[in-house]
Amino acid sequence: MTVLAIGTEGKAMTYSVQDLNQMDYERFTKLVEREFLQHPIVVNNRFTQWFAQGDVTIPQLRHFAIQFSVFSNLFLIAQLKKMLNSDSLESMRQAKEILANELGVIFNHKGKAAPAQAGNNTDQEGDPEFVSTEGTIEGGTFRFGAAHFEWLLKFGKPLGLGFDDLGKRRHGTPSTLFFCDELSRLYGSEDASIAAGASFAIENWAAAGFWQELEDGLLKIRKTQVPDLSLAFFAWHNRLEAQHAAHTQEELKEIFEDPRFDRAKFLAGGKEMLEGLAAFWNGLEADRLNGVVA
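Numbering (the numbering used here), first residue to last: 1 to 294.
Please note that the accuracy of each hint is not assured.
What the hints assert, rightly or not - Here are the simulated DSS-like pairs of lysine-lysine, each with C-alpha atoms no more than 27 angstroms apart in a straight line: (1) K96 x K220; (2) K253 x K265; (3) K157 x K220; (4) K271 x K253; (5) K81 x K223; (6) K168 x K81; (7) K168 x K157; (8) K223 x K30; (9) K265 x K154; (10) K223 x K271; (11) K271 x K81.
Worth flagging that the hints you see were computed from the coordinates, not collected in a lab.
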């Protein structure tokens, strides 16, 4: 079995399983960084680069909102599978943290008052000023209004989008559904090494700046076109994901030393996950160029 990697000078290089198994942690990490962090969809996402400029029509924004809501909602399936397929109690709890938070359990930040105590305004439950990006679901408070899908419902409301318009599989384009299915297959894989590779790729993509590009564009759209546009979903995730890359580096070091860790499967899972991710964003870019709107 061989694993294709990109050389430091852009030349294709091939690594055997034996090559990979003989690498020390530092060399393997550099290989992972080349394979994952230099992937075209991470360093050159044309859709989010365009979106950041804010020159987005309302029909284009509606189309984006619908497709993103499908991805966000179906991600719950992948996250549930990741939890169920965990290979240790610790990894199960880590997966459960994300799933429960997605569903509306607010992180309990030790040493601070629970965010939900900030007030009774349900809008604040989804406001990044009141919902912590740190802490644990242990001792956290559940609020329907803190569920991430409900934040997206608030985002869609001034665009004329309601509950029946968002989050359902039937609303997804083929490229969106391909990404969602790849998330379920790879991120939620029963094989811990494949799942770890997919998770590492997703987390580092999420921390690479695309949330900031989306928030930048939405701030401009709110200023010029939709003054009551709710940005809580995007602003909160932008703040959260900035913390995740460091965590994934720590996790990689831990699993690297696990005798069950399959380096080739880790690389394959991450690379395939990034291709699924690329299908989603490139699909949105193709829709934009072809005038597909909602």
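Hint by hint, here is what the structure shows:
no., hint, in the structure
1, K96 x K220, "35 angstroms, violated"
2, K253 x K265, "16 angstroms, holds"
3, K157 x K220, "18 angstroms, holds"
4, K271 x K253, "19 angstroms, holds"
5, K81 x K223, "40 angstroms, violated"
6, K168 x K81, "19 angstroms, holds"
7, K168 x K157, "16 angstroms, holds"
8, K223 x K30, "42 angstroms, violated"
9, K265 x K154, "40 angstroms, violated"
10, K223 x K271, "38 angstroms, violated"
11, K271 x K81, "20 angstroms, holds"
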